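S.K.: For reference, the chains in residue letters:
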Amino acid sequence: MDVLYFAWVRERIGHPKDKVETTAKTVRDLVNELSAKEERYAVAFSDLSALRVAVDQELTHFDAPLAGVREVAFFPPMTGG
Amino acid sequence: MEIRVQQAGFDLGEETNRFANRQEGMGAVVTFTGIVRDLSTGNLDVMEIEHYPGMTEKALGKIASDAMERWNLGDILIIHRHGRLQPTDHIMMVATSAPHRVDAFQAAEFLMDFLKSRAPFWKKEVIGQKAAWVAAKDEDEESLSRW
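Chains as they are written, first to last, in our numbering: chain F, 163 to 243; chain A, 112 to 258.
Mixed in with the good hints there might be a few duds.
What the hints assert, rightly or not - Below are the DMTMM-like pairs computed for lysine to aspartate or glutamate, each with C-alpha atoms no more than 20 Å apart in a straight line: (1) A:K173 x A:D251; (2) A:K169 x F:E233; (3) A:K248 x F:D209; (4) A:K169 x F:E220.
Rather than coming from a laboratory, the hints here were simulated on the basis of the structure. All of these numbers come straight from a predicted model, not from anything done at the bench.
Sequences are here, hints too, so could you generate the full structure?
M.R.: Pasting the structure below:
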């Protein structure tokens, strides 16, 4: 599964993309798995209310299931326009 | 519907004319343009706009389709830039056409409200050696509830 990071999430983690092998059932499980991996992930994910998540390029929530998912992206609230 | 996500600048007059000239039977064209302004201190050097290629196009397409369903519209144009922009540069534009002005105005407002907080763009202000991500505003999120 590809895990993508944008804006300050990308900067805190230090790169734009990870390829992960995971058995995580939900986005929240994936967040916990990544946070346990390294401190910089734990820091980036420390306040989930400041983050948004997209699964296969659709905005969703942290309890969304990951079965069959190809791409998960984490980013701050969007500031378009 | 025409949706363009691009690094290059665009000519507002040309885009507006091209859009307006291809509308048949439409009595109204509304356009909105977002311009890089110096948000905080008066010495903004650069506005960097990051986006999520793939999702951006899908999200804008969804927002535009929702507007087409909701109002009696002829057509929609959305152009949004990314990359490094300077103060006074045009960031984005939307244009709507409709038989009557109310639909064109309302749809343009709807597009802008959703584009602000549902399209995956992130703005960063660069002032000298310092750079800061622009925080999303609560009122931008709240403005979605009126639709």
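S.K.: Hint by hint, say whether it matches the structure.
M.R.: Each hint, compared with the structure:
{"no.": "1", "hint": "A:K173 x A:D251", "in the structure": "18 Å, holds"}
{"no.": "2", "hint": "A:K169 x F:E233", "in the structure": "14 Å, holds"}
{"no.": "3", "hint": "A:K248 x F:D209", "in the structure": "17 Å, holds"}
{"no.": "4", "hint": "A:K169 x F:E220", "in the structure": "8 Å, holds"}
Every hint, counting from the list given before, is met by this structure.
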